Amino acid sequence: MLNRLSLSVVSVVAVLALTGAPAAATAPVPATTPVDASAVRSHGAPADPLAPGPYHRRLDPLAGTWKATKYNYILGRDGKPVVSRDITVRTRWIARTGGRFLEEKTEGVLGGHPYYRLGILGFSTIDRRYEWTTFDSVTPTAMTYRGPALSEIGNRLSLPGEFTDPGVLGPEYVGKTIPMRTVITIRSDDRHTFELYFTPPGRSERLVDRVVYTRRAK
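Quick note on numbering: the sequence shown equals residues -25 to -1, 1 to 193 in mature numbering (1 follows the signal peptide of the UniProt record, and there is no 0).
Calculated directly from the structure, the hints in this document are not laboratory data.
For clarity, every value in this text was computed on a predicted model and none was experimentally measured.
Here a beta-carbon is modelled for each residue, glycine too, at the ideal position from N, C-alpha and C.
Be a bit skeptical, because a hint or two may be false.
[To be verified] Calculated pairs, DSS-like style, for lysine-lysine (alpha carbon to alpha carbon, straight line, at most 30 Å):
1) Lys55 - Lys42
2) Lys55 - Lys151
3) Lys55 - Lys80
4) Lys80 - Lys151
5) Lys42 - Lys80
[Claimed, not checked] Computed spacing ranges between beta-carbons, pair by pair:
6) Glu82 - Asp165: 19 to 27 Å
7) Ser112 - Ala26: 33 to 41 Å
8) Pro175 - Ser133: 31 to 39 Å
9) Asp165 - Thr139: 19 to 27 Å
10) Arg60 - Asp23: 38 to 46 Å
11) Asp53 - Arg178: 15 to 23 Å
12) Asp53 - Glu127: 38 to 46 Å
13) Ser179 - Pro89: 19 to 27 Å
14) Ile101 - Gly177: 23 to 31 Å
15) Ala192 - Glu147: 44 to 52 Å
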């Protein structure tokens, strides 16, 4: 049986989101980026359908070294999140995959304990969807998300998935399949957010974790 911390961190597994109430006000982000959409219209699909294209380039702002601030509401109490500021994230395109996948490594402290996560993000040119999978130092399973087929490029990626609950939402949910969703919002070249949502059976979707990424000075 996982202890309360490790159960709670399961929900955080995908670097990202808040629950209950917003952590901080942020300016709204347009659903699409006209410049990128225009690039798709002008250039179309890559000549080689297996080659990286403009949907991969939409992810370029995520590459770099980041200071991450995490607001986790499952670890918190009375609607107040546990806030972790001692987190560093390094994200790079994996050259040996032909630049098709981003690798994100997260290291820091969460709830007073060391935390590590490896995430892989890419775009399937065959399915025309973004795909995101994470593995971390606490969760007993991979967390996998597959987005819908896309016809235009946007600043906000909504990637659904599901996981088998080991007890993070309470003993009544152990072994239940829990729908989840990661939302990645690219706000600028120097700032983006990851949010994680859970939908317990019979309940509304709730935001459980939010991570704000701020680019570190070179």
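Each hint tested on the structure:
no.	hint	verdict
1	Lys55 - Lys42	holds, 22 Å
2	Lys55 - Lys151	holds, 26 Å
3	Lys55 - Lys80	holds, 27 Å
4	Lys80 - Lys151	holds, 29 Å
5	Lys42 - Lys80	holds, 12 Å
6	Glu82 - Asp165: 19 to 27 Å	holds, 20 Å
7	Ser112 - Ala26: 33 to 41 Å	holds, 34 Å
8	Pro175 - Ser133: 31 to 39 Å	violated, 19 Å
9	Asp165 - Thr139: 19 to 27 Å	violated, 37 Å
10	Arg60 - Asp23: 38 to 46 Å	holds, 43 Å
11	Asp53 - Arg178: 15 to 23 Å	holds, 19 Å
12	Asp53 - Glu127: 38 to 46 Å	holds, 41 Å
13	Ser179 - Pro89: 19 to 27 Å	violated, 33 Å
14	Ile101 - Gly177: 23 to 31 Å	violated, 36 Å
15	Ala192 - Glu147: 44 to 52 Å	holds, 47 Å
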